[in-house]
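Asker: Chain by chain, the residues:
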Amino acid sequence: MTALDPPDNPPDGDPGRRPAARGPRRTAPDHAACAPTLSRETQWMMAVRDQRDRTAFAALFDHFAPRLKGFVIRSGIPAAKAEEVVQDVMLTIWRKADQFDPHRAQVSAWIYQIARNRQIDVMRRDGRPMPEELREDPGTEPDASQILAVEQEARQLKSALTRLNAEQRDVIEKAYLGELSHQQISDQTGLPLGTIKSRIRLGLNRLRHELKDLKP
Amino acid sequence: MSVTHHHIPDSMLAAYAAGTLPQAFAVVVATHVSMCSLCRAALGAHEAVGGAVLELQDQVAVSDGLKSNVLDLLDAPFAPTTAPARNGIYPGPVVEAMKGRAPRWKTLGMGVRQDILFGQKDGSLRLLYIPPGQAVPDHGHNGLELTLVLQGSFSDETGQFGVGDVEVADETLEHTPVADAGDPCICLAATDAPLRFRALAPRLLQPLFRI
Ligand SMILES: [Zn+2]
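Listed in order, the protein sequences are those of chains A and B. Under the working numbering, residues 293 to 508 are what the first sequence spells out, in order. Under the working numbering, residues 11 to 221 are what the second sequence spells out, in order.
None of these hints come from the bench; they were simulated from the model. A quick note: this is a predicted structure, and the numbers were derived from the prediction, not measured. One should not assume that every hint holds.
Across the chosen pairs, the derived CB separations fall in these ranges [what the hints assert, rightly or not]: (1) A:D342 <-> B:A71: 24 to 32 Å; (2) B:V188 <-> A:L426: 33 to 41 Å; (3) A:E425 <-> B:K131: 25 to 33 Å.
Reference listing, derived: stretches of chain B covered by chain A, where coverage requires no fewer than 3 residues with Cβ under 8 Å from a Cβ of chain A [what the hints assert, rightly or not]: (4) 30 to 37; (5) 41 to 53; (6) 68 to 75; (7) 81 to 89; (8) 101 to 114.
Computed cross-link-like contacts, DSSO-like style, restricted to lysine-lysine with a CA-CA straight-line distance of at most 30 Å [stated by the list, open to error]: (9) A:K388 <-> A:K373; (10) A:K373 <-> B:K131; (11) B:K109 <-> B:K131; (12) A:K373 <-> B:K77; (13) B:K77 <-> A:K388; (14) B:K131 <-> B:K116; (15) B:K77 <-> A:K466.
From the three backbone atoms N, C-alpha and C, an ideal C-beta is built for every residue, glycine too.
Bound-form chain A, shown alone (with noise of 0.2 Å):
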């Protein structure tokens, strides 16, 4: 299955994914050096974990809100209570920000499965069991070019998106909002879910750089 497959090209023509010095961010980030060709979610993020800048967590409501909450609706959460779960969320962005890893996670990553963990504990009474944490030692240098590797990778896989045909685009996004069961996801041999294999690479070139020193 190809449909996924990066495109040769980053997809043009998205104004928003050009940040230079448009960010809200009122102090010199840290990250400096690489700031200015990280999307600016990436930055209202770090801001928000790094500095606790509420103006970058006020730029991060606008632009995921509004789409939290029509994939909340989406995923059989009534209307009503669905605000509810768009406000859970953005304050678990905000109190779990420390966890947020850009080496590991595009942010709309990290939000999405904050948002599926809130609508599991909504829908049912056992939370979803989570795996162990991985921490970075404190002391870990941010890595620009793996932070920009994943950044990229997330804007290929969005592009790829896009240009599936809607038959195909329904079934990624029936089972990524929660609505196919394993079995149905594994009956699906038109899913192109092969895809995400340079993304698989990309993250456990960073778990083995991050796991070298521990023992089993």
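Let chain A serve as the given structure and place chain B with the ligand on it in line with the hints.
Answerer: This is chain B with the ligand only, laid out in the frame that chain A set:
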């Protein structure tokens, strides 16, 4: 990190990311991901697809007051939650499923023991303890069974399974896992249907033993 050779199927990682796996399977996935870099990276990739789906979602305007509500709550006290840490051979998600207690082994005969962590209508989760050289009695499967090795290893017709490895068995697999020499084999086993233990208990006794 041990080197694992038997991983979680991709469709299950996707369903775990989306939160649609039955709870017993989800504990096994979370446990394996805690032990396996490859599947942790693969899960990260599925979450990246989920993130792209979120980004492309049709936007629905939120009510006027929501943003100021949220901003007002940023300083509100909250109880931080931390994921449970590993305890000995038991990774964090197993510790959580055991609710922090030690295993309560119940003998099944032949030195084989189990501790049922929970049984629900959509599946059950238990720990198995198998002495070296001992076979887990032959059983067929009504549904799907995931068996993850926490200590020691076992072998069956399909191969050898060491610490971190997961065997996925469905109705079509008639297999006889045998614990290898060395430490007793301790496994985390999840099913989405009651097991039929042919050698141990007549079917009528199943409700009694909850196996
Ligand atoms: Zn694995």
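Asker: Each hint needs a verdict: does it hold in this structure or not?
Answerer: So, going through the hints one by one against the coordinates:
Against the hinted window of 24 to 32 Å, the Cβ-Cβ separation of D342 (chain A) and A71 (chain B) comes to about 30 Å, which satisfies the hint. The hint said 33 to 41 Å for the Cβ distance between V188 (chain B) and L426 (chain A), and at roughly 35 Å that hint holds. A C-beta distance of roughly 31 Å is found between E425 (chain A) and K131 (chain B), which places it inside the suggested range of 25 to 33 Å. A count of 6 residues in the segment 30 to 37 of chain B with a Cβ less than 8 Å from any Cβ of chain A is obtained; the coverage claim is therefore met, three being the minimum.
With a cut-off of 8 Å between beta carbons, the segment 41 to 53 of chain B has 9 residues touching chain A; three or more are needed, and the interface restraint holds. Residues of the segment 68 to 75 of chain B lying with their CB closer than 8 Å to a CB of chain A number 6, which satisfies the three-residue condition for coverage. A count of 4 residues in the segment 81 to 89 of chain B with a Cβ less than 8 Å from any Cβ of chain A is obtained; the coverage claim is therefore met, three being the minimum. Counting residues of the segment 101 to 114 of chain B whose beta carbon lies closer than 8 Å to any beta carbon of chain A gives 5, which reaches the threshold of three, so the coverage claim holds.
The hinted pair formed by K388 (chain A) and K373 (chain A) meets the criterion: a straight-line CA distance of about 23 Å does not exceed 30 Å. Taking the CA atoms of K373 (chain A) and K131 (chain B), the gap is near 27 Å; set against the 30 Å cutoff, the hint holds. Straight-line distance between C-alpha atoms of K109 (chain B) and K131 (chain B) comes to about 20 Å, which keeps the hinted pair within the 30 Å bound. Using a Cα cut-off of 30 Å, the hinted pair K373 (chain A) and K77 (chain B) holds, with the two alpha carbons roughly 16 Å apart.
The straight-line distance between the Cα atoms of K77 (chain B) and K388 (chain A) is roughly 18 Å, inside the 30 Å bound, and the hint therefore holds. Only pairs whose Cα atoms come within 30 Å are accepted, and K131 (chain B) paired with K116 (chain B) is accepted, the gap being roughly 22 Å. Restraint check: the Cα-Cα separation between K77 (chain B) and K466 (chain A) comes to about 28 Å, which is no more than 30 Å; the hinted pair holds.
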